[in-house]
Amino acid sequence: MDRAHTCLPPETAPFRRAPSQVMRLDRMGCAHPTRLSFLRTLLRRIEREGWVFDRPVWEIDALGVGRAVYRAKGPERTYCLVAFAHDLPDEMRSDRVIATAWDATFALFDGEPTKADLDRLQANVPLQEAGRISPRELSLSRANRSVRLFAHVIDHLAQGQQPDIAEVESVGYLMRTTAVYGSGKFGAADRAAIADRPELNAPFQIEMLSVWLTRQFTVDIAEHLAAVQGGAKAVRLDPAIRRMLGVGNSTGLGMAPFLVRHPVLLNNWMMAREEALARVRAQESVTPQVADELRTALSAAQVNAAKWTSTHPLQVAKLEALRKDLDLLANWLGDWPAPDALYPWDALWRWAEAELSLEGQEALVALMLEPHGALIDDLAEQMTADESATFRLDGAMTTGALTCILADHYDWALDIDFDAPENIARFWYVSEEKLEPRLGNRFAEDGAALEQPLCIARLANELHAALADRPYDEPLAAFLLAHPDHRFMARRAQIAANHPFGEVRDNLIAEDMLPIDLMRCKLACFGASRFDPRSDKWVRISLFQDMPYPSDICPGGWT
Amino acid sequence: MTVLHEDIEAMDPTRSGSPMPTGKSASLSLNEIEQLCLKAARGAGMSWGQAEEAGFAAAWLARQGLDGPGALLAQLQAAQDRAWRDICPVVDAGAFRAPEGGLLCPIALGSALCDYVALPVMQCDSLRIGPVTQPILLLPFLSDMARARQQPVRIEWPGGAVVASPDGRVAGDIGALATALPVEAELLIGSEFATRQPDSDPMAPMVVAAETIGALNTLAMRITVPASDVSRAGAGAAGDND
Chain A
1 MDRAHTCLPP ETAPFRRAPS QVMRLDRMGC AHPTRLSFLR TLLRRIEREG
51 WVFDRPVWEI DALGVGRAVY RAKGPERTYC LVAFAHDLPD EMRSDRVIAT
101 AWDATFALFD GEPTKADLDR LQANVPLQEA GRISPRELSL SRANRSVRLF
151 AHVIDHLAQG QQPDIAEVES VGYLMRTTAV YGSGKFGAAD RAAIADRPEL
201 NAPFQIEMLS VWLTRQFTVD IAEHLAAVQG GAKAVRLDPA IRRMLGVGNS
251 TGLGMAPFLV RHPVLLNNWM MAREEALARV RAQESVTPQV ADELRTALSA
301 AQVNAAKWTS THPLQVAKLE ALRKDLDLLA NWLGDWPAPD ALYPWDALWR
351 WAEAELSLEG QEALVALMLE PHGALIDDLA EQMTADESAT FRLDGAMTTG
401 ALTCILADHY DWALDIDFDA PENIARFWYV SEEKLEPRLG NRFAEDGAAL
451 EQPLCIARLA NELHAALADR PYDEPLAAFL LAHPDHRFMA RRAQIAANHP
501 FGEVRDNLIA EDMLPIDLMR CKLACFGASR FDPRSDKWVR ISLFQDMPYP
551 SDICPGGWT
Chain B
1 MTVLHEDIEA MDPTRSGSPM PTGKSASLSL NEIEQLCLKA ARGAGMSWGQ
51 AEEAGFAAAW LARQGLDGPG ALLAQLQAAQ DRAWRDICPV VDAGAFRAPE
101 GGLLCPIALG SALCDYVALP VMQCDSLRIG PVTQPILLLP FLSDMARARQ
151 QPVRIEWPGG AVVASPDGRV AGDIGALATA LPVEAELLIG SEFATRQPDS
201 DPMAPMVVAA ETIGALNTLA MRITVPASDV SRAGAGAAGD ND
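Protein chains in written order, with the UniProt record's numbering: chain A, 1 to 559; chain B, 1 to 242.
If you are wondering where the hints come from, they were derived from the structure by calculation, not from laboratory data. One or more hints might be untrue.
Here are the simulated distance ranges between beta carbons [what the hints assert, rightly or not]:
hint	chain 1	residue 1	chain 2	residue 2	range
1	A	93	B	25	32 to 40 Å
2	B	160	A	44	48 to 56 Å
3	B	149	A	9	32 to 40 Å
4	A	512	B	125	51 to 59 Å
5	B	149	A	77	46 to 54 Å
6	B	222	A	415	52 to 60 Å
Idealized CB from N, CA, C, for every residue including glycine.
Next comes chain A alone, as it looks inside the complex (with noise of 0.2 Å):
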């Protein structure tokens, strides 16, 4: 058994949502970013441990064209991502997996990179798929420009005026980063190497290192081309504006299937969030300081909320309905908390449940844990997970106590009506030519004999008619000789019995399921903001904007 499930002290069991109302599709499609998100973590641990940054090598010529180091000094350790700057004709330009060039392509390096490993990164870093980097290497990653937004800046800088306000928020970023690979991708460094370290231990840290340096990047490169056309007269960004830019980042299906491959990790994720929510709904009162540090956040998250666009019709809807719910909040806030109520944190939380849209619900997670770092930032560090613990299955169980597990974690399973075509409509595969998962048809596509199980509630109830036909003392490892096919849903099963936040609780195959759902959720647990779906299958997000920069931090670093 993990951290995470045996950390739960008894005292916030009353105020817990159950993973039957948390891990639902259209819930966590509404999912917003929190102080618990990795983003911020990172953040955090880097102001709370002193880290320096600095630029200790441009390399860029006049065309935009070199290398360049950014340097990140932890307490023991050193990190420093590579960047490769590129001269890319907008014809070139593609934000295609198996695209041949970037405008800038990135590696995060473990330690100080000597001449020698920047000559290596330089003949395999730009070629990303195409190349190999080694397990000196953390991440592999690549941005392409906004052509719109990144020539506006320039044009601007270079003639000494500031960009467009309204240009700079309807783009958001100067490059976006097209994929960010960690985790032993393209033989960098595996997970297991690294997760020992108490900077690396939360989930994605080295992934939003990389994307926050690289953000550092997209403004140093600007103002450097700036400078280059337009000598003296160029003048660097304003950093109110400057603080306004992210990196964008567009998601498409490859990254939905995650969460569905890694239900300890997902339990963890959401477990922790569920138990910072409680926390807060179990303060028996309320100051004055901390609720106006809520009423601060619920005017960002008003700002936020209207600076936020989509063009597609499920976002817009689910906008106006955010904004509409936290102008409801502000005004319910008014005379909160009442004079002598106790438990006024929970008192919002169940009028918010009845009053509010899943947007509202969702975004009031996010504000009611903003003013409560020190009573729940410790639960970050039970965010990880070491899946290898829970990988050996218990044959001894019996197929009775197997079948109890599923009645108890997967009853939202064994009511589905697998026979009714629209339960069965799709089927998760991995296509040959890009190697990366899909969403096709099952009655109008070939290739459903090749499905990926991703179809979680319809193995569980699988498995459950198979068991229904066993002796019920017959031992799991006897019925695992007999049925094979079924030990991948009795080992996640056997997860599910002590990660009750493992498994989304929707029929992932089903006619009208939104993949967008699941992308939001693990976006959202990154730290993504301004989520912007352009289909059922793909989103636009941006992480960091309006956040400090490393040379927010250490000015000096880049003189």
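Given chain A's structure and the hints, the job is docking chain B onto it.
Frame of chain A, contents of chain B only:
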């Protein structure tokens, strides 16, 4: 520059697995080995749950500096047309034997041994197993057994002996086990630690031979679906160049 795939569709900026380097040997991370071997095992016909065990076993061996991917490939190539009932163990008190005239798959045998580790059939000091092909692939499972029992597990066969201890170490005639033909063997549980293997860098990357990568990748590609116009539509961010 090698372009691994012809890409003629809208982008999708993330993916679940990295393409394998082709035509040359390469240092693969343990993550890459596990994922490649899982997919190859599935492509060769294993159930998803067994394929997970295959990926686990290959990566575990690679972590010890042993050629897990090569051993798994040899197993998959030899066994891919054989039915489950011909390669899974028949379990009796004190014995996990192959069906009459058959050869056990080490993944099927190993996972069954782990499944049964706490059951009465295993509450004995010795166990007859086999005949089993590619017996080196048993080692990861014997290691898990040793950890579960908190006792060393020793495998003895006519060509030597290897001990797996509860702390994850393995020692003995590992080279002989890696090259052994299908063996009948005896498992001794609770036997003494025979020899100590020198510590190696447990995280050193494993150089996997080009032929192994290529053949595993060919098997792995069997579980992928050729593209169609329908599948391409809407999968990613077309014209996303603002």
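Structure-based check of each hint:
In this structure the hint that residue 93(A) and residue 25(B) lie 32 to 40 Å apart at CB holds, the actual value being about 34 Å. Range check, residue 160(B) to residue 44(A): about 54 Å between beta-carbon atoms, so the 48 to 56 Å window is met. Checked against the given bound of 32 to 40 Å, the beta carbons of residue 149(B) and residue 9(A), roughly 34 Å apart, stay inside it. At about 58 Å, the CB distance of residue 512(A) to residue 125(B) agrees with the hint of 51 to 59 Å.
Evaluation of the 46 to 54 Å hint for residue 149(B) and residue 77(A) yields a failure: the beta carbon distance comes to about 38 Å. A hinted range of 52 to 60 Å is violated for the C-beta pair residue 222(B) and residue 415(A), which are about 35 Å apart.
Of the hints listed earlier, those the structure fails to meet are numbers 5, 6, in rising order.
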